[in-house]
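Residue numbers (this note's numbering), protein chains in the order written: chain A, 12 to 386; chain B, 9 to 311.
Treat the hints as calculated values from the structure; they're not laboratory data. Using N, Cα and C, we set each Cβ at its ideal position, and we do this for glycine too. Hints may contain errors.
[To be verified] Covered stretches of chain B, going by a simulated chain A footprint (3 or more residues, C-beta under 8 Å):
1. 88-94
2. 99-106
3. 208-216
4. 227-236
[Unchecked claim] So the derived list for chain B, only partly shown, Cβ under 10 Å to chain A, looks like this:
5. I43
6. I45
7. T111
8. A113
9. Y115
10. P154
11. L158
12. A240
13. V243
14. Y278
15. F281
16. A294
17. L296
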Amino acid sequence: MSDPISDRARSWIGGWRQVRPSLATGAAAAVVAFVSLALLWLALRLAGFDASLALGALWRGSFGNWYALTSSTFVRATPLVLTGLAVAVAFRAHVWNIGADGQLLIGAAVATAVGLAFGTAPAWVLLPLALVAGAVGGGCWAAIAALLRTRFGVLEVISTIMLNFVAVDLVGYLVRGPLQEPSHAYPQSNPIPAAMHLPMLIPGTRLHWGFVAGATAAVLLWWGMRSTAAGFRVRAIGANADAARVAGRIDVARTTTNVLLLSGALSGLAGAIEVCGVTFALYENISPGYGYTAIAVALLAGLDPLGVLGTGILFGGLEAGALSMQREASVPSVVVTAIEAALVLLLLALSRRGSATSIISRFAGARLPSAEEPS
Amino acid sequence: MTDALTSCLEASVRTATPLALAALGELLVERAGVINIGLEGIVLGGAFGALLGAGGNSLTIGFIAGCAAGVAIAALFALFAVTMRADQIITGTAVNLLVLGLTGALYRGLYGATGAALTIPTTGSVAVPLLARIPVLGPTLFDQPPPTYLVYLTVPLLWWWLYRTHSGLAVRAIGERPDSVRVAGIDAHRWRWMTLLMSGGLGGVAGATLVLSQSGTFAEGMSAGRGFIAIAIVVLGRWRPMGVAIASLLFGAASALQYLFQAMGWRAPYQLFLALPYVLTLLALAGLAGRKIEAPAALGRAA
Numbered sequence: 012m013s014d015p016i017s018d019r020a021r022s023w024i025g026g027w028r029q030v031r032p033s034l035a036t037g038a039a040a041a042v043v044a045f046v047s048l049a050l051l052w053l054a055l056r057l058a059g060f061d062a063s064l065a066l067g068a069l070w071r072g073s074f075g076n077w078y079a080l081t082s083s084t085f086v087r088a089t090p091l092v093l094t095g096l097a098v099a100v101a102f103r104a105h106v107w108n109i110g111a112d113g114q115l116l117i118g119a120a121v122a123t124a125v126g127l128a129f130g131t132a133p134a135w136v137l138l139p140l141a142l143v144a145g146a147v148g149g150g151c152w153a154a155i156a157a158l159l160r161t162r163f164g165v166l167e168v169i170s171t172i173m174l175n176f177v178a179v180d181l182v183g184y185l186v187r188g189p190l191q192e193p194s195h196a197y198p199q200s201n202p203i204p205a206a207m208h209l210p211m212l213i214p215g216t217r218l219h220w221g222f223v224a225g226a227t228a229a230v231l232l233w234w235g236m237r238s239t240a241a242g243f244r245v246r247a248i249g250a251n252a253d254a255a256r257v258a259g260r261i262d263v264a265r266t267t268t269n270v271l272l273l274s275g276a277l278s279g280l281a282g283a284i285e286v287c288g289v290t291f292a293l294y295e296n297i298s299p300g301y302g303y304t305a306i307a308v309a310l311l312a313g314l315d316p317l318g319v320l321g322t323g324i325l326f327g328g329l330e331a332g333a334l335s336m337q338r339e340a341s342v343p344s345v346v347v348t349a350i351e352a353a354l355v356l357l358l359l360a361l362s363r364r365g366s367a368t369s370i371i372s373r374f375a376g377a378r379l380p381s382a383e384e385p386s
Numbered sequence: 009m010t011d012a013l014t015s016c017l018e019a020s021v022r023t024a025t026p027l028a029l030a031a032l033g034e035l036l037v038e039r040a041g042v043i044n045i046g047l048e049g050i051v052l053g054g055a056f057g058a059l060l061g062a063g064g065n066s067l068t069i070g071f072i073a074g075c076a077a078g079v080a081i082a083a084l085f086a087l088f089a090v091t092m093r094a095d096q097i098i099t100g101t102a103v104n105l106l107v108l109g110l111t112g113a114l115y116r117g118l119y120g121a122t123g124a125a126l127t128i129p130t131t132g133s134v135a136v137p138l139l140a141r142i143p144v145l146g147p148t149l150f151d152q153p154p155p156t157y158l159v160y161l162t163v164p165l166l167w168w169w170l171y172r173t174h175s176g177l178a179v180r181a182i183g184e185r186p187d188s189v190r191v192a193g194i195d196a197h198r199w200r201w202m203t204l205l206m207s208g209g210l211g212g213v214a215g216a217t218l219v220l221s222q223s224g225t226f227a228e229g230m231s232a233g234r235g236f237i238a239i240a241i242v243v244l245g246r247w248r249p250m251g252v253a254i255a256s257l258l259f260g261a262a263s264a265l266q267y268l269f270q271a272m273g274w275r276a277p278y279q280l281f282l283a284l285p286y287v288l289t290l291l292a293l294a295g296l297a298g299r300k301i302e303a304p305a306a307l308g309r310a311a
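Excised from the complex, chain A in its bound form (with noise of 0.2 Å):
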């Protein structure tokens, strides 16, 4: 339950008893990928697949080999987990930021014009600027959102799904205008200096130090959700705005602000680290829909930041596959879109009272019955 007793009583018990929900999600995601592997079995056969090739295809392509798991799963699963964190933040308080994809294409964006702007500096000015000012960027697209819902009452769900297509039209105007590589042949911008290259964690392979930064923000926000000030007043406005802002004299609108700008923040991290180790320049289809598969991932996780580690690892690795069954048995990837939604419907059937809050309770709070119940 994330009502904030049950919560703060929990963290009295202490030990190692506060990680157990994110075991017991973790536990919950690996059943669930299971069955989402029978599905995708089910579904290949009555399409006409081999479906023992393309399952050895995804396999193979995923966690089956070092190569495969290092250089493509976790790759993959860097951007998946930052927005995948933005998402279940926001979520969590009940703020609908849909605005994931936007944010992370207005985050590279930004660290890319950044990067050309100061390529003369050294790496270890410009590597963290460009991060940062990814983040910021991000973080300002997402202001918008926040913006709009305080001051004008705009639902977030609505305007975050907006300001995707306009920032995808944004950064389509900037691969053709301002940032066009200079023979003007391809929508695309220059190359970034190298200095702003991220350097790579495991030698021979393409696993860049990002995904580090994806999983050290997935423990920070564990922590600060569960002890901080700050992740009490996220959790009390997502469990009931109208009890947090009367009985928690809770400021809703200045903690919706900063959720956003955080939300927005993450997702721009993880545009800007895309730019930063894997494509090294700015193209206009930069995220095959990162900000989206990202709600499945929050969603799945229970909205726990260690769990969304853990399916932002499985979603990587599904993504990964589906490419590589595509090549090998010509089955379409996007059929992984397909199967990550009906995970989440599953999952919300399961849940029965269907709310994400009562997912997290279902997964995580409802193996705990004497933390959720003190005497």
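The hints should help you fit chain B onto chain A, whose structure is shown.
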């Protein structure tokens, strides 16, 4: 100049048609207290259904298939958001992802990985006798593809149903106070299901319109946010049929402006025009601030 103006107005109505159909359906659902973000998926599913249905070169079957696909997706949404009382926004988002993935996979599976230029015959425009001969207004309003006339029919019908019948009153009451309505012996779940199915049908036809009356082809994700814009249009139209129709027309006009600008030889990055409807949505929604907005009180809450 008159020609340019006429073609711009005509394009406004054409662009507004699918938006109006989808928005009128969403209006109905929202009056019953449900916000269906899955409308985007319904429109996309309707478009794909129309593609499948029109395969045998029958436009009528294409529209029916689009409508049926919309109804089926709406039923899925209703199953979760009404019967299981799941969170409406999460359900809607999941439905959108599901439809996006399914239509993409099926399209590539059925028509090849590239989905190379597939063309379907489209409905021509049908001129209404006499009315179509009125200068400017005639070709604008009465020389349009059939779905536009469906909008003309739906607006008064919807108004009459919502404001002049007992069941319409029941639907509006469910959107305000689902608990009290139950005491009066009205089954809120049943009416939410009904309105969702109807809106699925309208949204499906909206998607079919994109394929069968406008583009003559299908592309992955071709709904391109129209379902979301339709939801914004419902807010702009103040949850009223006529208001929704007018708001749709405004959006159609915003999108059609580019034809006028092109005719006037005004050069600007085309992404500006692409972004215009979305920016306009945001500005229009912000512009409503401070006014009394009559949103159904129970919007988004389980019944």
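Hint check:
1. 88-94: holds (count 4)
2. 99-106: This one holds; 7 residues, not fewer than the three required, reach chain A with a Cβ under 8 Å.
3. 208-216: Per the Cβ count (0), the hint is violated.
4. 227-236: holds (count 4)
5. I43: Given a least distance of 8 Å, the restraint on I43/B holds.
6. I45: holds (6 Å)
7. T111: Cβ of T111/B sits 9 Å from chain A, so the hint holds.
8. A113: Check passed: Cβ of A113/B comes within 4 Å of chain A, closer than 10 Å.
9. Y115: This hint holds: Y115/B lies near chain A, its Cβ roughly 8 Å from the closest one there, short of 10 Å.
10. P154: violated (29 Å)
11. L158: Violated, about 25 Å.
12. A240: Interface hint status for A240/B: holds (5 Å vs cutoff 10 Å).
13. V243: This hint holds: V243/B lies near chain A, its Cβ roughly 8 Å from the closest one there, short of 10 Å.
14. Y278: holds (9 Å)
15. F281: holds (9 Å)
16. A294: Holds: closest Cβ of chain A sits about 4 Å from A294/B, inside 10 Å.
17. L296: holds (8 Å)
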